[in-house]
Amino acid sequence: MRQYLTLVRLFWRHLVRRKSLWIVIGIVGVVLLVNTMVQSQMKEMLQEGVRYDIATRRAAAVLDSYADQIRQGAVMLVLVVGALIAPSSRKDGTTQFVLTLSVTRLRLAAAQFGALAIFVLLGTLVVHVGYAIAAHRLGILHPAEAMLAWVSFFALLLVIAAASFALSLTRPSVVVYAILAGVPYLLLPLLATFANDWSSPHVPAVLRLAAARTIENAGLLFPKIEALIVWPRLAWLTPERPPYPSWRLEALHELSAAALWVVIGLWAYRRHDFGSRIPTK
Amino acid sequence: MSAEAAGVLPQAATAVRFEDVHMAFTAGLRKPVHALRGLTMDVPLGAVVGLLGPNGSGKTTAISCLLRLLRPQRGAVYLWGEPLGADLPPQVHRRIGVLLEDTRLPPFLSVRHALFTVGRVRGLRDRALRTEIDRVVAQARVEALLDRRVAVLSKGQARRAGLAAALVTDPPLLILDEPSAGLDVSAREEFNDLVRSLRGETRTVLIASHLLGDVESTCTHVAIIQTGRIRLFETSERLLREARRRDAEKDIHVESAVAALLERLGVRFEPSRYPGLVRLIVEEPEHELIGRLAAQRIVPARIEPRVTLVSVYLEMTGGDSD
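Residue numbers (our numbering), protein chains in the order written: chain A, 493 to 773; chain B, 294 to 615.
For the record, the hints were derived by calculation from the structure and aren't laboratory data. Backbone N, C-alpha and C define an ideal beta-carbon position, used for all residues, glycine too. Among these hints, one or two may not hold up.
Pairwise CB distance ranges, derived in the manner of DEER restraints [said to hold, decoys possible]:
id, chain 1, residue 1, chain 2, residue 2, range
1, B, Asp486, A, Trp514, 38 to 46 Å
2, B, Glu375, A, Leu613, 49 to 57 Å
3, B, Asp427, A, Thr596, 55 to 63 Å
4, B, Ala421, A, Leu712, 52 to 60 Å
5, A, Trp514, B, Ala369, 45 to 53 Å
6, A, Gln495, B, Glu375, 38 to 46 Å
7, A, Thr596, B, Asp440, 28 to 36 Å
8, A, Leu613, B, Asp427, 48 to 56 Å
9, A, Ile517, B, Leu439, 27 to 35 Å
10, A, Leu712, B, Lys324, 35 to 43 Å
Could you build the full structure based on these sequences and the hints that come with them?
Right, dumping it as structure tokens:
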């Protein structure tokens with residue numbers, strides 16, 4: 493255990509020293525800040541002379557829109573950061589160095605993921621506490637709800653981090669981004685649009701339908717965890733608050749899709765060679 | 294901590310054994326490059342083996358296979374008689390010290406932090422850890438570097454720090470890949486002194502290098518690898534003795550103008566590779582011949598430096614440099 497904690501500390505230091513990490517965080521921060529400023533200015537103009545209860549409701553709505561932005565930004569940020577640690581430590585020799593200390597590959601990967609988990613934990617904690625205090629003051633967030641929401645927020649972000657990290661154990665960051673972000677968010681939607689609008693007298697309708705279905709189903713292989721994140725509010729099931737009817741199936745699907753990429757990543761990692769050249773298979 | 298204290302070694306005559314190891318690399322659609330073609334070699338316990346070979350001969354690939362950074366496509370590697378699996382087995386934990394050519398200590402750590410990290414990963418704690426770090430710091434002479442970040446060290450300093458890390462827990466097997474490559478003359482000499490001081494009855498050292506002088510001055514055994522196969526494996530002493538015996542008669546060159554006098558003296562000679570000189574074929578003790586020549590006022594124009602591994606190496610590899 494101590495060996496593991498030593499390695500986690502080593503990779504934590506490695507991660508927080510990555511310039512790319514802070515650039516990514518900076519970009520996300522700037523985007524959120526700009527959105528916040530624009531919305532604040534609009535609200536200020538609208539709220540001049542309004543009643544207290546209306547102002548509170550509007551403030552709550554603003555806070556909700558921030559939460560929405562954070563939800564989407566957090567998934568992308570974690571996906572990006574998840575694929576930073578392993579490629580960079582391979583590049584600067586830290587991975588090879590640790591392997592030469594008779595540390596097994598699995599333990600090495602676990603230590604790198606441990607460092608990543610600490611980053612996600614601290615990041616979600618900072619965002620959540622900041623949000624929860626503001627929401628609690630406005631009276632729109634119950635502490636129990638907030639606690640539960642944070643746990644699910646953290647756990648789901650960790651799932652997407654795991655998928656991104658597992659693939660990055662053997663592949664460069666760019667390839668991971670292309671697979672987990674480029675394909676489901678850019679390529680497949682583009683292809684789907686094309687397939688849906690495709691009308692050609694030379695191609696039978698059944699073939700066009702098959703193409704559209706294939707593209708649609710291919711999209712199911714890629715996790716879209718943001719669909720499951722209900723942060724900043726999550727309450728235990730009560731008769732007054734019935735659950736979304738298909739959440740179990742949805743959750744099972746997204747977790748399975750993430751698990752698929754974790755398994756692929758670990759399988760490739762097990763067979764990976766840490767040389768400067770590519771061995772013949 | 295002594296090597297024995299690190300644990301009882303499995304009973305085996307060899308520390309490392311490569312058995313018919315094959316490894317090929319591809320790059321795109323180009324033809325595969327066969328780095329190892331049935332490499333077979335036994336490294337005896339307690340030996341300091343210099344693995345010599347031209348660039349691309351398979352030295353680093355062999356070491357990477359030994360460390361499981363690469364997985365051989367065929368063949369097996371044994372450590373103290375135990376075959377290696379996908380990872381280095383737990384029983385060799387703390388028993389191997391490694392200094393690779395292209396792998397430095399984590400660049401973002403200070404040398405002190407890096408050494409402590411290595412010690413902790415190898416299971417040392419508290420006072421034992423501090424004592425061990427003090428020992429390796431003194432042994433590798435890196436006191437002045439302790440508070441400097443690895444990223445800002447010069448190549449020679451990084452090598453010394455890397456060796457200090459490799460020596461933590463005093464492992465009975467040391468693997469050094471091109472340990473003195475890129476170092477200046479004084480840094481190389483200093484480094485070689487350090488490696489020589491590591492020789493011990495229980496410690497086995499495998500040094501991959503293409504610097505023949507370094508291998509000659511530090512190793513007890515020499516292995517020459519070429520095109521992925523071991524071409525020669527011999528003790529350095531025997532190799533040099535044999536080379537000197539064969540080459541002793543070729544050492545003295547004199548002016549070709551005295552050829553007639555040499556013939557009268559019954560001294561055989563042949564054309565020298567140096568213009569204007571002839572090479573004597575020595576058939577008697579060297580000092581007696583030089584004495585006979587001196588009596589005739591013949592002074593050798595050139596007495597070649599003693600035979601080194603270079604000639605053996607060139608003979609074995611055919612002067613192949615790539």
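Supplied distance hint 28 to 36 Å, evaluated on CB atoms of Thr596/A and Asp440/B
Since Thr596/A and Asp440/B have Cβ atoms about 32 Å apart, the given range 28 to 36 Å holds.
Falls inside 38 to 46 Å, the C-beta gap from Gln495/A to Glu375/B?
For Gln495/A and Glu375/B the Cβ distance comes to about 21 Å; the hint is violated.
Assessment of proposed distance window 48 to 56 Å (beta carbons of Leu613/A, Asp427/B)
violated (36 Å)
Distance restraint evaluation - Trp514/A, Ala369/B, Cβ atoms, bounds 45 to 53 Å
holds (46 Å)
Outcome of range test on Cβ distance (Ile517/A, Leu439/B; 27 to 35 Å):
holds (32 Å)
Taking the beta carbons of Asp486/B and Trp514/A, is their distance inside 38 to 46 Å?
holds (44 Å)
Glu375/B and Leu613/A, beta-carbon distance inside 49 to 57 Å?
Given a distance of about 40 Å, which is not inside 49 to 57 Å, the answer is violated.
In this structure, is the beta-carbon distance linking Leu712/A and Lys324/B contained in 35 to 43 Å?
Given range 35 to 43 Å: holds, Cβ gap about 40 Å.
Against the range 52 to 60 Å, how does the distance between the Cβ atoms of Ala421/B and Leu712/A compare: consistent or not?
holds (54 Å)
Could you say whether the range 55 to 63 Å given as a hint is met by the Cβ separation of Asp427/B and Thr596/A?
At 29 Å between Cβs, range violated.
The structure shown violates the earlier hints numbered 2, 3, 6 and 8.
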